[in-house]
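Please model the entire structure based on the sequences and the hints provided.
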Amino acid sequence: KAGVTQTPRYLIKTRGQQVTLSCSPISGHRSVSWYQQTPGQGLQFLFEYFSETQRNKGNFPGRFSGRQFSNSRSEMNVSTLELGDSALYLCASSWGQGANTGELFFGEGSRLTVL
Amino acid sequence: AQSVTQPDIHITVSEGASLELRCNYSYGATPYLFWYVQSPGQGLQLLLKYFSGDTLVQGIKGFEAEFKRSQSSFNLRKPSVHWSDAAEYFCAVGPVGYKYIFGTGTRLKVLA
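Chains as they are written, first to last, in the numbering used here: chain C, 961 to 1075; chain B, 3 to 114.
It is worth saying that the hints were derived from the structure and are not from the lab.
Bear in mind the structure is a predicted one, so any value in this text is a computation, not a measurement.
We treat Cβ as the ideally placed atom computed from N, Cα and C, and that holds for glycine.
Relax, there's no trap hidden among the hints.
Keeping only pairs whose Cα atoms sit at most 25 angstroms apart, straight-line, the calculated SDA-like set for lysine to any residue is:
#1 C:Lys1017 / B:Leu48
#2 B:Lys63 / C:Glu1068
#3 B:Lys51 / C:Gly1002
#4 B:Lys51 / C:Gly988
#5 B:Lys51 / C:Ser987
#6 B:Lys111 / C:Gly1000
#7 B:Lys70 / C:Glu1063
#8 B:Lys51 / C:Gln997
#9 B:Lys63 / B:Gln44
#10 B:Lys70 / B:Gln4
#11 C:Lys1017 / B:Gly45
Which residues of chain C face chain B? A partial, calculated answer using Cβ under 8 angstroms:
#12 Ser993
#13 Leu1003
#14 Glu1008
#15 Asn1016
#16 Leu1050
#17 Glu1063
#18 Phe1066
#19 Gly1067
#20 Glu1068
#21 Gly1069
Structure representation (structure tokens):
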């Protein structure tokens, strides 16, 4: 069974640009969560999607957005990039049924560097 | 408010020595608790989880953790550390509205 796949793995952008990251969950998983990981802040929750609906959003500015498609694949977008957006962006999938997302399965992440 | 604290930022142990990584949480009810491990440049791999039942949980790679409600702790243990265990370890608690809260991590260094 294939794991969570994130693309691209590495990317370099300049300030003011925008970026789109992609996540393909484990087959059958309908919940996709996104986390930002930085050395100083640890893992910070961005948002969670289930069946194309955003169920929860973290405390990030509106420049951070996401969506989920009918096949459960998800994308997140960051517009008007800032230096502080440099981070490892982790996607996690889970069954997502019921009142909570259940156990999270993580991808290897997309490392974004903003120059 | 819900939170997770991993008091030790770095821990160094000798290969073959025992290991205990601490995790304390604040949560209104009985939480779901997890330990994840992250190797450099990789994502997070689940070591073990506690949902309910037996408070001593066995995981992969010889790790175990014990849920202690009275102490709001979920410490990770391993009787004998291997050099390949060097990594960063994260404790997580939830759910909090379809998300989990992660600790800031403990980086483990293993001396040969």
